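Those sequence lines, one after another, are chains A and B.
Each residue of the first sequence is one higher than the one before, starting from 1 at the first, in my numbering.
Each residue of the second sequence is one higher than the one before, starting from 462 at the first, in my numbering.
Keep in mind that the hints were calculated from the coordinates and are not lab data.
Since the structure is predicted, the reported quantities are computational estimates derived from the model, not experimental observations.
Please note: incorrect hints may appear among the correct ones.
Unchecked claim - Straight-line Cα separation of at most 27 Å, DSS-like style, residue types lysine-lysine; simulated pairs: (1) A:K4 to A:K29; (2) B:K535 to A:K149; (3) A:K265 to A:K417; (4) A:K228 to B:K639; (5) A:K40 to B:K719; (6) B:K855 to B:K810.
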Amino acid sequence: MLNKQLVKDILQAATSTGGDFAEVYIENKYNTGLGMLGGKLERIMTGRDFGVGIRIFNGTNSVYAYSNDVSPSALIKVAKEAAMTISGVPKDMNLSLVSKSIDELHRIEKNPIDIPVSQKIDLMRKGYSAAVGYDASINQVNINYLDYKKDIIVANTEGLWAEDTRIRTRYYVTSIAEHNGVMQTGSASKGASMGFELFDKYDVETIAKEAARIAVTMSKAGYAPSGKMPVVLDNAFGGVIFHEACGHGLEATAIAKGTSVYNGKLGEQIASSVVNAVDDGTIPNGWGSSNISDEGEDVTRNSLIENGVLKGYMIDKLGGIRMGMPSTGAGRRESYKFAPTSRMTNTFILGGEDRFEDMISSIDNGLYAKTLGGGSVNTSTGEFNFNVQEGYMVSNGVIGEPVRGATLIGTGLEVLKRIEMISDNFESGEGMCGSISGSIPAGLGQPALKVSELIVGGREE
Amino acid sequence: MDQTLKAIIELGLKEGLKDVELYFSKASSFKFSIFDNEIDSYSVATTQGLSARGTYEDKMGYVYTEIIDDETPKYLIGQVKNNALINEDEEQDQLFEGAEKYPEFTHQQSDIHEVSADEKIEFARKMEAYAKSLDERVAKVTVYYGDSSGERVLTNSYGLKLTDQHGFAYTYINVIAKDGDDVKSTYGYDMGFNFKDFDYKVIAKDAVDQATELLNAKTIPSGKMDVIFNNETAGDLLGAFAPIFNARNVQKNLSCLKGKLGETIGSDVLTIVDDPLMVDGLASSPFDDEGYPTHMKTVIENGVLKTYLHNAKSAEKDGVKTTGNGHRASYKSLLGIAPTNFYIKKGEKSLDDLVGSINNGLLVTSIAGLHAGLSTVSGDFSLQAQGFLIENGKKVRPVTQVVVAGNILEVFSKVTDVSNDFKFALGGSAGHIGAPSIKISSVDVAGE
């Protein structure tokens with residue numbers, strides 16, 4: 001994409017005013033997005049993203065500049081202008097730019113660029129038929145298909161030259177059911193750092209029928225209850241509770257500034273002793289996985305919580321400098337338009353030994369949240385929320401009638417201690433996570449687990 | 462660039478496209494943040510992007526690129542043809558040759574290039590220091606600033622050629638206040654065409670007051686009660702539900718406003734307007750993103766749904782004229798529909814009057830989870846909230862850890878009052894959304 005000599009010149013210009021470190025990030029991405037509504041392919045957008053990001057460190061601060069004008073003169077100019085914000089004496093830099101040898105942890109079998117679009121459309125039709133045929137009350141089905149191939153190069157003044165290719169594919173179904181004038185949606189999806197072989201592994205009809213099932217069930221459901229109660233969160237996307245309640249608070253993004261509720265708690269019991277949690281960017285073909293971080297570092301399996309004790313934070317390069325701790329390879333960014341910061345990759349609560357049936361039977365009056373939606377958190381206060389897409393009342397130890405769309409809230413420090421039981425049926429799900437370095441693919445997951453108390457935002461009849 | 466755009470259009474026509482349209486945008490942006498009197502982050506950029514769309518075999522194809530080189534024309538036209546061929550939409554976008562006349566409109570000039578980066582940084586440093594000086598419980602402060610300027614070109618093979626420029630700035634402050642173990646975090650903000658209009662003391666004081674007033678907030682018992690959404694949260698809610706007014710969503714069974722045109726869907730104090738020609742509106746433009754002239758429209762008038770928001774394609778399907786709300790969030794987006802300057806009209810009463818009229822209720826000053834906790838299909842919402850408990854017409858204590866739940870159509874019907882304290886929300890790319898504080902009767906609040 002850019003030759004090494006030009007990159008060396010850029011790095012030299014960037015550190016000409018005394019910066020401690022400089023990095024060049026080059027990105028070339030081909031995208032395909034397809035949308036089928038009501039069985040008709042109506043939204044088609046393909047395109048190419050291309051740009052360069054230049055970063056300079058000065059002590060514990062950094063400067064970032066990015067551009068699509070990648071002519072040599074333009075890039076040197078950008079580097080010099082960014083460097084002008086620093087005033088110091090140039091230091092010795094390692095511009096050897098030795099190619100980093102990278103283990104291909106996420107093999108792609110069927111590059112989506114080689115797959116005729118007609119095959120992708122056929123898959124969408126299959127999903128559409130399965131969803132719309134599930135029940136007469138389904139009156140709309142939307143299918144989104146996306147795939148992309150992103151080539152990156154990361155070079156820096158530590159002598160690094162790292163190249164990587166990321167390929168991701170995702171299939172997302174939303175169904176709408178109408179019952180007695182009530183319209184409700186149900187969604188289901190699957191995505192991975194895989195090519196078209198994703199669909200050899202996961203059946204689109206199963207995904208589509210699940211979305212339809214949720215929509216139909218919720219269209220006949222009553223309101224969720226209101227107030228504090230025990231909640232059983234099912235597996236897979238149930239992991240959103242950890243992602244919001246704890247995950248973001250353990251990123252150096254907040255920890256390095258001293259603004260997280262998890263600051264100063266390394267080595268402390270922050271969760272009940274049944275909780276073990278990891279952030280693992282090495283999981284083969286995981287949605288949030290990659291061979292190297294967006295700073296060119298090795299991605300790690302990072303144990304965050306062991307038996308309820310806080311063991312580690314997720315740390316990027318700048319976060320590491322600010323915290324005086326080594327980087328854990330957590331630097332990620334949406335694109336060249338963002339400076340990287342520490343982000344989650346695939347964040348999981350690990351399996352326990354309790355049985356799902358025992359969790360339910362332990363509840364007199366509570367909620368079983370079977371399918372979850374997204375959420376958000378304020379890492380300074382630990383207050384988080386996430387949405388229940390599909391829920392059921394639990395009364396006297398038995399799962400009862402379906403209830404619809406409530407948001408659950410809590411605070412991170414309290415809720416982690418209230419995880420009482422964890423089952424053994426781990427599954428993962430995929431989502432898009434937003435933060436200061438943009439929107440990135442993040443895997444999450446857990447087994448089913450029981451929280452002794454959350455506030456459920458339902459309605460009275 | 463003009464030559465490049467011309468060359469692409471010519472190639473398209475030569476390669477068998479019936480018509481071709483190009484959407485080109487270029488922007489420079491600058492942003493930074495101040496934390497502990499240091500520049501915590503700093504970013505400068507110039508970016509550009511180009512999208513092509515055109516009709517091939519009676520169907521529309523789209524493509525975009527961020528790289529503009531010798532290969533670009535061939536790449537764009539090839540993709541437009543491929544993408545057109547697989548398009549199954551029963552209604553197709555039609556390119557517009559342009560209007561004879563566009564509304565008289567002069568874009569506001571922006572002063573962001575007359576102000577140095579150092580001045581902007583000094584402003585933010587002062588805001589941080591001032592915030593910290595206001596109350597000893599203020600623990601940490603981050604001040605953010607950003608500005609952007611650029612131009613857009615919309616041109617097609619029918620001779621349409623429209624250009625406009627933009628320039629605006631925004632600033633926001635995050636204040637973290639502490640009292641013992643209790644921590645509260647709030648925001649203050651401003652945005653507009655001119656840096657010189659920002660008053661750092663006003664922004665800082667707003668955020669500090671909010672944060673300190675929320676300290677030691679607790680939850681409340683669950684129940685139904687009168688709720689006031691203050692101007693910021695009412696704007697956030699309106700913005701999140703704006704897609705229900707999108708005619709294409711209505712046509713495709715994706716909006717809770719399906720079948721309600723002409724009906725009374727709100728109380729008679731509720732009027733909602735879309736005004737693309739507002740003199741100081743950040744989303745103002747005399748033409749929409751497909752080149753149609755724009756005009757002001759009343760979407761809800763005293764509770765009656767008067768119109769959906771249309772682009773040319775949705776209007777054609779409904780047998781009406783476009784409302785000039787054709788919108789592309791960026792060169793990476795297909796043409797859709799979005800509001801422009803979109804707001805609930807303010808009333809006469811003050812916020813204090815609204816609070817004074819409530820015996821037992823909640824003043825909501827912040828909501829969260831909007832991206833996940835609501836549905837534009839059903840109109841349902843369930844949102845994390847903070848604010849103040851109201852008893853006998855007075856704010857008695859701060860509240861946190863509650864959820865307000867309901868349905869947007871019920872909210873519209875149960876608006877009993879709108880105040881005179883209007884504010885625009887700090888928003889995204891789909892419209893500039895504003896509202897006064899609004900009082901809603903009998904809303905479900907979940908807490909204890």
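Hint check:
{"no.": "1", "hint": "A:K4 to A:K29", "in the structure": "20 Å, holds"}
{"no.": "2", "hint": "B:K535 to A:K149", "in the structure": "20 Å, holds"}
{"no.": "3", "hint": "A:K265 to A:K417", "in the structure": "14 Å, holds"}
{"no.": "4", "hint": "A:K228 to B:K639", "in the structure": "26 Å, holds"}
{"no.": "5", "hint": "A:K40 to B:K719", "in the structure": "20 Å, holds"}
{"no.": "6", "hint": "B:K855 to B:K810", "in the structure": "16 Å, holds"}
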